[in-house]
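Undergrad: Protein sequence lines, in the order shown, are assigned to chains A and B. By the working numbering, the letter at position 180 of the first sequence is numbered 268, and the numbering carries on one by one without gaps. By the working numbering, the letter at position 132 of the second sequence is numbered 220, and the numbering carries on one by one without gaps.
Simulated from the structure, these hints should not be mistaken for lab results. Incorrect hints may have been included.
If chains are identical, the list can't say which one is meant, so a pair holds when it fits in one copy or spans any two.
Stated by the list, open to error - Straight line, CA to CA, 30 Å or less: simulated DSS-like cross-link-like pairs of lysine-lysine: (1) Lys216 x Lys205; (2) Lys183 x Lys103; (3) Lys110 x Lys216; (4) Lys205 x Lys222; (5) Lys216 x Lys103; (6) Lys222 x Lys103.
Protein chains: 2
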Amino acid sequence: MNDELILNLIDKLAKLPGVGPKSATRIAYFLLDAPTSFTNELSSAIIDAKTHIVVCSNCGNTSSTEVCYICSNPKRAENVLLVVEEPRDLIAIEKTHEYFGKYLVLGGALNPMAGIKAEHLRINLLMKQVADPKVEEVILATNPNVEGEVTASYIARMLAPMDLRVTRIATGLPMGADLEFADEVTLGKAIEKRQEFGV
Amino acid sequence: MNDELILNLIDKLAKLPGVGPKSATRIAYFLLDAPTSFTNELSSAIIDAKTHIVVCSNCGNTSSTEVCYICSNPKRAENVLLVVEEPRDLIAIEKTHEYFGKYLVLGGALNPMAGIKAEHLRINLLMKQVADPKVEEVILATNPNVEGEVTASYIARMLAPMDLRVTRIATGLPMGADLEFADEVTLGKAIEKRQEFGV
């Protein structure tokens with residue numbers, strides 16, 4: 089019975105993570121009040137990102153180029169590879185300014201209950217990367233929760249026969265937390281204090 | 089140094105009310121993972137609402153037609169007019185299913201500190217509406233905070249010489265609260281228990 093256009097906008101906004109019906113209503117009216125330049129930019133930003141962003145063929149990060157800005161940066165150390173679940177975890181690590189090596193973005197964590205098995209993650213891409221003799225260390229930076237720990241164990245076991253140092257970020261992070269929401273100091277500390285991974 | 093397209097999207101999302109940099113990052117990656125159909129729909133919903141929504145010439149509500157769906161509904165009572173600050177307050181009232189009359193959306197509240205004076209509100213539209221002899225009662229439903237109370241007093245004083253019942257929604261709502269975030273039961277009760285406005 090309300091205006092269809094506004095209801096439709098509220099309905100779409102309410103599907104975003106962390107946005108309930110009341111926040112969606114607030115955002116919708118904010119957008120109606122905002123300058124047209126802003127709403128056009130927001131709308132274009134969504135479409136542009138969606139259209140042009142691909143998965144980096146080298147590390148699994150999101151990128152607007154075939155190989156992402158980290159993989160194509162010659163200044164990044166090639167002897168260390170940091171494994172994360174999602175691109176947003178990579179962003180969280182980058183913000184600490186404590187890590188200067190390369191990444192491997194798995195695209196999730198093992199979760200048999202939800203049907204997420206090894207073949208759904210970028211394990212093949214990881215194995216391809218570690219086959220490079222320049223790689224000396226693999227840092228496992230999956231989330232410190234059940235799925236992340238299982239995934240770290242799984243990868244550590246796969247890498248055990250290889251001549252690699254396999255480490256896990258320090259559990260300065262509280263268990264059960266989400267890596268992307270950790271503060272930068274804690275996260276930086278966790279990288280700095282990483283220890284040998286005991287299988 | 090991060091991918092420009094993603095940074096741009098996060099930057100735009102972080103400007104929305106209630107969305108900080110971390111929520112914006114989460115929403116951005118959610119959008120990158122979402123089906124293209126959804127991102128296209130969201131983007132279109134923003135542009136469509138922004139392009140086609142106008143202010144109802146009769147009551148000040150947002151509408152995709154020159155006269156809004158409430159003003160053009162012949163079943164709505166014409167003897168009572170409920171005055172709110174913003175269209176989202178109107179939506180909150182509608183959700184209570186306790187009110188069947190018409191509305192007047194002021195477009196804000198008096199706030200001399202922020203430079204919002206009577207001429208910035210739709211007081212003229214209100215006076216035009218109450219000039220209709222069919223109107224018997226004006227319910228003042230501005231927010232129960234300083235600006236809303238001042239606005240209610242101002243309007244009550246303007247309407248005092250006229251042959252009208254002027255009421256204020258009951259203060260079942262806690263003072264300092266935002267009307268749009270009140271739960272529907274409390275808000276419905278507040279309309280039901282409205283009392284004569286003492287200037």
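Undergrad: Indicate, hint by hint, whether the structure satisfies it.
TA: Results of checking the hints against the structure:
Proximity of Lys216 and Lys205 under a CA criterion of 30 Å is satisfied intra-copy only: 19 Å inside one chain copy versus 67 Å between copies. Within a single copy, Lys183 and Lys103 get their C-alpha atoms as close as 28 Å, and across copies as close as 20 Å, so both meet the 30 Å cut-off. When the C-alpha separation of Lys110 and Lys216 is checked against a cutoff of 30 Å, the pair qualifies neither within a copy, at 47 Å, nor between copies, at 32 Å. For a Cα distance limit of 30 Å, the shortest separation of Lys205 from Lys222 inside one copy, 29 Å, qualifies, whereas the shortest one across copies, 69 Å, does not.
In this assembly of identical chains, the alpha carbons of Lys216 and Lys103 never lie at most 30 Å apart, being 37 Å within a copy and 40 Å across copies at closest. Taking the shortest alpha-carbon separations for Lys222 and Lys103, neither the intra-copy value of 44 Å nor the inter-copy value of 43 Å comes in at or below 30 Å.
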